[in-house]
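There are 2 protein chains.
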Amino acid sequence: MSLLVVGTVAFDEIETPHGRSGRILGGAATYVGLAASQIINDIRLSAVVGDDFPRDYMGIFTGRGIDTSGISVVPGEKSFYWSGRYHDNMNIRDTLCTELNVLAGFKPVLPPAYRDSEYLMLGNLTPSIQRSVIQQMDKRPRLICMDTMNFWMDTAWDDLLDVISMVDVLAVNEEEARQLSGEYSLLLAARKIHTMGPDFVIVKRGEHGAMLFSGDEKFYVPAMPLETVADPTGAGDSFAGGFMGYIARSGDKGFESMKNAIIYGTVLASFSVEKFGTERLLEISGEDIEKRLIEFVKMMSFSL
Amino acid sequence: MSLLVVGTVAFDEIETPHGRSGRILGGAATYVGLAASQIINDIRLSAVVGDDFPRDYMGIFTGRGIDTSGISVVPGEKSFYWSGRYHDNMNIRDTLCTELNVLAGFKPVLPPAYRDSEYLMLGNLTPSIQRSVIQQMDKRPRLICMDTMNFWMDTAWDDLLDVISMVDVLAVNEEEARQLSGEYSLLLAARKIHTMGPDFVIVKRGEHGAMLFSGDEKFYVPAMPLETVADPTGAGDSFAGGFMGYIARSGDKGFESMKNAIIYGTVLASFSVEKFGTERLLEISGEDIEKRLIEFVKMMSFSL
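Just so you know, the sequences run in chain order A and B.
Residue numbering for the first sequence follows the working numbering, starting at 1 and increasing by one per position.
Residue numbering for the second sequence follows the working numbering, starting at 305 and increasing by one per position.
Keep in mind the hints are simulated off the structure, nothing from the lab.
Beta carbons are placed, not taken as given, at the ideal position from N, Cα and C, and that holds for glycine.
Wrong hints could be hidden among the right ones.
As the list claims (entries may be wrong) - Stretch by stretch, here's where chain B covers chain A in the computed footprint (C-beta under 8 Å, at least three residues):
#1 157-164
#2 185-192
#3 205-211
What the hints assert, rightly or not - Stretch by stretch, here's where chain B covers chain A in the computed footprint (C-beta under 8 Å, at least three residues):
#4 216-230
#5 257-267
Let the hints inform the model, and build the full structure from the sequences given.
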């Protein structure tokens, strides 16, 4: 099954109590794609970079079988750049610098070969851009998942609601779920978001795990306990990659399958944060994932 | 099986975005005892109150079959009083007033009939007082669980370590686990706390659930999702009451039994916060608990 990922491919520069990354490969679509590539083969990226984007980095994607024909390289422009510093507890970060560069003019045009993708992950982007991607598809994908953020709730409310009404799964964090719904209880927030369109609502809670809601059904998972968190950047996107990878592989959109997808997302996110940037996502094998899945299942199981 | 609970029985006065409680029954031992009384019969309270403590309140305990012969009433003194105000998000609270009153001189003397208790829950108190209770027991209880707080780490470190070395289960929150161990990772924190004595470490995470550690085993549960949280006061103590109630009823100290106890703790805590003070703990029935246990199990279950 094919998965189209639309989002940022960028340079990140990260500082944590464990060290500094220097300028490395980052971006939401990068993490989603690399995490999903641990589970499925047919992944297509749509993004934009400047001509400063190294061939080596492009090779990281193609080396994992990811289609990069939808990554446009804009001559004479620079790639999106973000730098940030994490505090001691790793839950708070300060953005040191954001240079939109080529992202400011990003209007993704899907290559024809992308337009039949069966699964679509819309990374956090301007809602109207997310919508334009849906509109370019030959037919509606079997499942569309979108990420968004508070910024669009403040600046592009109507467009945001319009896109939300078009997707199956909305993946947001706690604050975003609350702001979007006006409800503090995440149970009530999810219920309200269902009425906006999405049959499934995922609430990402970082080190506290994730929640999945659909109608009256709910599923809560904790995050994997880790000895060290080297760099939380990309955890949510790796989660989304693991989630969409599992759904695309299983082809099953039922609630039971979604639960397993949540567990895959949790496991991929747990690897992602163990080293800086995408390093750990690139070195793990299917066996590592299998082992951690077993550990996770064990940690969650009981017989009351 | 018999459970001895030592801790505060007090007046609370609580303000939340949902309203004001007025002066109501509070205290750690109160919540532990009332929650446990939903599961087992033989509960003994050791606490101290002033002669301002209403007979009606004492009747709440005896009405639920809880032995109050170990609650000493000090003539001419006032009961421990705490008042606090919760912020909108209910996770942060300001203490408005703490009057130790009779608690300042609390030196529990266990009635002879208490000294054979098989299970012992030591609420958060001065470590030397917690130790004196252990020393008054005829023989070592089958299981001792203790709660503590940062304050004792700052002011009574040696005594605290001494008591910790004497117990089976330490139940603390995330910050306390980190301060006690000097480790940020809760996985490493639990490992270090094991070396201090306790075979079991519970990390209470409030609305994010709880974690249980023992050697290489771990078990994580989320909190129950609720539509409304009226008053978080006593959630951790209700958790402890549900936990100890289950262990005392089952008589089984193995890790699998402990997992179930964690689930009972989670469920009792979820009821506790739905109304002000102890109101909800007092009105629920075994059937309500059963229903919520089923809901909880459903929310946690999957078949990967």
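Evaluation of the provided hints:
no.: 1; hint: 157-164; result: violated (count 0)
no.: 2; hint: 185-192; result: holds (count 4)
no.: 3; hint: 205-211; result: holds (count 4)
no.: 4; hint: 216-230; result: holds (count 10)
no.: 5; hint: 257-267; result: holds (count 3)
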